[in-house]
Amino acid sequence: MTAPALSLKNLCKSFGPAKIINDVSLDIQKGERHAIIGPNGAGKSTLFNLISGLYTPTSGTVSLNGTLISGVPPYEINRMGLSRSFQVSNIFANMTVRENVRCGVLHSLGQGYSFWKSVTSSKEVQEKTYAVLEHCALLDKANTPAALLPYADQRALEIAITIAGGAEVILLDEPTAGMSHSETDRAVELIRKSTEGKTLVIVEHDMGVIFDLADRISVLVYGEIIASAPPSEIRGDPKVREAYLGDEALPEETV
Amino acid sequence: MSDTTQTYADIGPSSGAKFRQRFLPIAIFAAIILAIPMLDPSRTMLALMHQMAIYIVFALAYNMLLGKGGMLSFGHAVYFGLGGYFCMHAMNWIEEGGIWGAYPTFFLPLLGFLAGGVAAAVIGSFSTRRAGTTFAMISLGVAELIFAGAFMFDSLFGGEQGISGDRMNGPEVFGLTMGPQQDIYWFMAFWTILSVIAMYAFTRTPLGRLSEATRDNPQRVEFIGYNPTRVRWLVFTASGAFAGLAGGMSAVNYEIFTPEALSLIPSGFVLIMAYVGGITYFAGPIMGAILLTYMSSMLSDFTEAWLLYLGLMFVVIVMYAPRGIAGIVFGFWDGIRGSNPGAYLTNWLIRLFGSLLMLLGLIILVEVSVRWSNGWGEVFEPFGMHFPHESILTWIAIFVPLGAGAAILRHVTREKEEMAA
Amino acid sequence: METIVFALLNGVIYGLLLFMLSSGLTLIFSMMGVLNFAHASFYMLGAYFAYTIMGATSFWLALFIAPILVGLVGAVVERYGLRKVHANGHVAELLFTFGLAYLIEEVVKIVYGKTAVDYKIPDLLNFPAFTIYGASFPAYRMFMLFIAIGMLIGLWFLLKKTRAGLIIQAALTHPHMVGHLGHNVPLIFMTVFGIGCAMAGLAGVIAGNIFVTDPAMAVQMGPIVFVVVVVGGIGSLEGAFLASLLIGLIQNFAVGINASFAEIFWFTGLSPTSEIGDITISSLAPVMPFLILVLILIFRPRGLMGEQEL
Chain A
355 MTAPALSLKN
365 LCKSFGPAKI
375 INDVSLDIQK
385 GERHAIIGPN
395 GAGKSTLFNL
405 ISGLYTPTSG
415 TVSLNGTLIS
425 GVPPYEINRM
435 GLSRSFQVSN
445 IFANMTVREN
455 VRCGVLHSLG
465 QGYSFWKSVT
475 SSKEVQEKTY
485 AVLEHCALLD
495 KANTPAALLP
505 YADQRALEIA
515 ITIAGGAEVI
525 LLDEPTAGMS
535 HSETDRAVEL
545 IRKSTEGKTL
555 VIVEHDMGVI
565 FDLADRISVL
575 VYGEIIASAP
585 PSEIRGDPKV
595 REAYLGDEAL
605 PEETV
Chain B
2 MSDTTQTYAD
12 IGPSSGAKFR
22 QRFLPIAIFA
32 AIILAIPMLD
42 PSRTMLALMH
52 QMAIYIVFAL
62 AYNMLLGKGG
72 MLSFGHAVYF
82 GLGGYFCMHA
92 MNWIEEGGIW
102 GAYPTFFLPL
112 LGFLAGGVAA
122 AVIGSFSTRR
132 AGTTFAMISL
142 GVAELIFAGA
152 FMFDSLFGGE
162 QGISGDRMNG
172 PEVFGLTMGP
182 QQDIYWFMAF
192 WTILSVIAMY
202 AFTRTPLGRL
212 SEATRDNPQR
222 VEFIGYNPTR
232 VRWLVFTASG
242 AFAGLAGGMS
252 AVNYEIFTPE
262 ALSLIPSGFV
272 LIMAYVGGIT
282 YFAGPIMGAI
292 LLTYMSSMLS
302 DFTEAWLLYL
312 GLMFVVIVMY
322 APRGIAGIVF
332 GFWDGIRGSN
342 PGAYLTNWLI
352 RLFGSLLMLL
362 GLIILVEVSV
372 RWSNGWGEVF
382 EPFGMHFPHE
392 SILTWIAIFV
402 PLGAGAAILR
412 HVTREKEEMA
422 A
Chain C
3 METIVFALLN
13 GVIYGLLLFM
23 LSSGLTLIFS
33 MMGVLNFAHA
43 SFYMLGAYFA
53 YTIMGATSFW
63 LALFIAPILV
73 GLVGAVVERY
83 GLRKVHANGH
93 VAELLFTFGL
103 AYLIEEVVKI
113 VYGKTAVDYK
123 IPDLLNFPAF
133 TIYGASFPAY
143 RMFMLFIAIG
153 MLIGLWFLLK
163 KTRAGLIIQA
173 ALTHPHMVGH
183 LGHNVPLIFM
193 TVFGIGCAMA
203 GLAGVIAGNI
213 FVTDPAMAVQ
223 MGPIVFVVVV
233 VGGIGSLEGA
243 FLASLLIGLI
253 QNFAVGINAS
263 FAEIFWFTGL
273 SPTSEIGDIT
283 ISSLAPVMPF
293 LILVLILIFR
303 PRGLMGEQEL
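Residue numbers (this note's numbering), protein chains in the order written: chain A, 355 to 609; chain B, 2 to 422; chain C, 3 to 312.
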């Protein structure tokens with residue numbers, strides 16, 4: 355039996371006396387599309403930070419493909435094949451879109467910390483950058499400074515940098531936050547295309563997106579997972595309805 | 002499927018643009034340097050230019066850290082000094098003969114590069130773990146420590162007299178005896194052009210790009226698989242190495258090195274140079290180095306308050322022109338080629354006029370104050386005009402231009418904001 | 003024996019002086035995120051203003067007026083200088099204060115000259131307070147102790163017992179929230195900056211006449227104050243207090259120890275005439291603070307009592 359792509363065991367995180375994450379255990383299989391939902395303040399971002407190495411757990415473990423990653427620095431976790439995006443666009447504001455993506459591909463193509471050759475000397479780097487830009491429909495904006503991009507394009511760039519390194523496990527933190535309907539649809543398409551065959555863990559508030567994309571949904575409330583099941587079961591779960599203060603939060607089943 | 006005729010090369014800058022932006026400026030720079038001797042400059046001018054050359058390399062090295070790496074250091078003269086001191090010792094070893102007797106003085110800056118780099122690698126191993134204010138404070142503490150240490154080890158640092166030497170020893174290269182100023186000019190030209198090319202090339206490498214990425218967003222850098230501390234350490238080492246190279250240039254030029262060169266004063270000076278020049282542009286520190294070297298040697302002949310003017314210029318740039326002189330120059334260049342060059346030029350000239358008015362009032366104020374506080378009864382008398390501090394006319398001459406200039410600037414800035422809106 | 007007692011007393015006094023400076027710096031940094039590079043320049047201004055006022059009237063008037071003047075200068079600097087640069091980020095603010103320190107030093111040189119001025123201890127306080135083992139301890143130093151403690155108590159009272167202090171404490175950690183509650187945060191910032199500078203000025207008034215009052219005062223005192231703030235833990239007044247006393251005591255004790263490295267490390271066979279062997283503890287005293295700084299930053303970056311790293 356192969357190890358799950360991501361495995362959280364009895365994960366706890368406290369800040370002083372405040373328990374933010376309380377005994378969370380979760381297994382996410384390879385290739386699975388897993389969504390994490392929950393009311394504001396439930397600890398979703400903290401969970402992401404624990405998985406991606408920004409926080410160390412107070413107790414419990416996080417494993418990637420069977421290898422322990424809790425307590426490992428984020429850049430090593432990234433090299434092991436996990437990449438994440440951020441809720442607030444975390445791009446390189448002073449570089450162009452093209453340079454942003456190019457930075458994203460460097461390490462995966464073995465460029466290392468080299469200072470003896472030009473950054474454009476590798477054909478591989480050039481081609482990979484082009485491919486990612488094309489994939490994310492950012493080609494026409496390739497030479498725009500990232501800081502000047504409209505919001506939805508910044509979020510697309512955020513996703514582009516996240517997938518540029520070719521990681522197998524992708525964590526997306528509210529990728530469609532603040533988008534209009536059509537922008538959201540485009541983003542969902544992009545996410546679906548980019549994570550074919552990869553493991554996706556996504557935090558979202560937009561229920562339409564969740565029920566569209568996810569194979570399984572986990573519901574996080576006050577740092578605990580109260581339910582973890584396929585979308586159809588989550589819809590009917592009374593505990594989940596209660597957590598969201600009423601049925602209107604969950605979309606009706608389309609017949 | 003994708004358009005097979007378009008490739009990565011098509012979305013990057015065209016080869017024409019690359020030539021204009023990257024190759025041409027450096028070529029022009031080199032051409033100017035090579036052409037200057039044809040104008041037969043005086044010995045004073047040559048000495049001044051040699052000083053500029055040293056500071057150009059030092060300021061560029063410093064900007065690898067500040068502008069390109071986002072690390073503010075208050076003690077970079079340490080690496081300049083350690084590189085320079087090592088070269089002074091090497092100079093003396095060359096004179097003594099033996100194995101060292103075969104090492105040409107011309108290549109001493111290479112040794113400075115090594116010494117500066119090693120020192121930076123060692124100190125950077127703990128100081129680059131954090132960025133920002135912590136890094137700045139460590140650099141301050143280390144600089145104070147090493148400066149104090151320099152006075153404790155006379156054999157290494159020569160105490161207050163420092164270490165001196167003679168550069169006219171060892172084998173000659175390129176037919177240069179390294180004696181007369183003309184020879185030193187070629188020495189400076191060689192190392193300056195080489196350093197500029199090397200440091201520019203660095204910005205085009207993966208490490209150079211990562212350095213800028215780490216400056217902008219160290220968190221994001223971790224999530225593309227790089228350790229930001231490692232990036233900072235490597236950049237710090239490179240920056241220290243080039244500072245040491247500049248130190249070597251200085252050692253050959255002045256044939257002496259004292260502990261003062263390691264102190265906070267040259268460290269602060271290079272910071273001001275780089276910032277005034279403009280840290281976001283590669284050419285910024287070059288402009289800053291040229292301007293400030295000129296000011297510090299020429300201006301001091303005209304007024305005893307030149308350091309005050311320097312400080313004022315720095316504060317004004319920090320407050321009103323944070324992109325430095327390079328920012329002003331390139332901004333002007335862009336504005337002139339923009340949508341409404343006529344209006345832009347008019348606006349710019351009015352602002353220039355307002356600034357000059359204020360400068361006029363300020364100069365009179367400073368010069369009169371200096372003479373007043375000196376108490377020797379000296380009167381400020383530029384170009385035959387008479388400004389005694391007792392006379393009301395003097396104070397009118399101060400406050401009218403100051404006020405008028407400020408009013409013009411305020412009006413024009415508001416107008417520009419309305420234009421842009 | 004008297005060496006120990008004197009070192010203790012002098013160490014405490016110097017430490018309290020450092021605290022007068024570092025407490026202001028800590029308040030300013032905690033609240034505004036700005037490490038005021040020019041803080042020691044306000045210390046210098048305090049000494050010079052006091053010298054001028056004392057020359058015209060009396061020391062006691064200077065003691066009262068000079069710090070207020072310095073505080074006003076600080077408030078003006080904040081309102082018209084720092085606030086403008088705030089938008090450009092912390093590095094720009096640090097550079098602004100760096101340029102400011104430069105400027106203040108140059109202006110002082112122009113107005114007062116490049117050499118030290120004769121800022122004297124007032125005759126009223128110029129007598130030995132007590133004698134131990136034949137060595138006398140000046141009354142003026144006891145006065146310094148008295149003033150420093152008084153300021154400490156005043157600060158504590160302001161912060162813990164008054165409404166204004168409560169607001170300042172809140173703004174220390176949550177300036178936005180305090181703004182939303184209707185308080186004029188820019189005014190609070192300006193006030194805190196002014197108070198911090200005034201405290202530095204007061205330190206200058208009482209220290210300027212016992213140490214030298216010259217344009218290099220700021221450059222000598224400044225880095226040590228930074229060391230105190232960083233070693234104590236950025237944002238922690240208690241830490242600054244601890245670090246101030248620690249550094250004050252270490253420096254004053256070190257000055258009294260004439261043992262050389264050759265004597266201490268005799269077991270290594272270090273020759274007393276060699277360069278390393280010749281170094282005495284007392285000669286290391288001026289750089290002790292920086293050694294401590296570097297060590298703390300390597301091993302415990304958040305300082306003695308800081309909650310967060312820089």
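Heads up, some of the hints might be wrong.
[Claimed, not checked] Listed below are the simulated EDC-like cross-link pairs for lysine to aspartate or glutamate, each with C-alpha atoms no more than 16 Å apart in a straight line:
#1 C/K162 <-> C/E265
#2 C/K111 <-> B/E305
#3 A/K593 <-> A/E578
#4 A/K552 <-> A/E578
#5 A/K384 <-> A/E550
#6 C/K116 <-> B/E97
Treat the hints as calculated values from the structure; they're not laboratory data. Predicted model, so just to flag it, every value in this text is computed and none were measured.
Hint check results:
Our distance criterion of 16 Å between C-alpha atoms is broken by C/K162 and C/E265, whose separation comes to about 50 Å. For a cut-off of 16 Å, the pair hint linking C/K111 to B/E305 stands: about 11 Å separates their Cα positions. The hinted pair formed by A/K593 and A/E578 meets the criterion: a straight-line CA distance of about 12 Å does not exceed 16 Å. A hinted pair counts as satisfied when its Cα atoms are at most 16 Å apart, and A/K552 with A/E578 does not qualify at roughly 26 Å.
Our distance criterion of 16 Å between C-alpha atoms is met by A/K384 and A/E550, whose separation comes to about 11 Å. Pair hint C/K116 plus B/E97 does not hold up; C-alpha atoms about 43 Å apart against a cutoff of 16 Å.
Hint violations for this structure: numbers 1, 4 and 6, all remaining hints satisfied.
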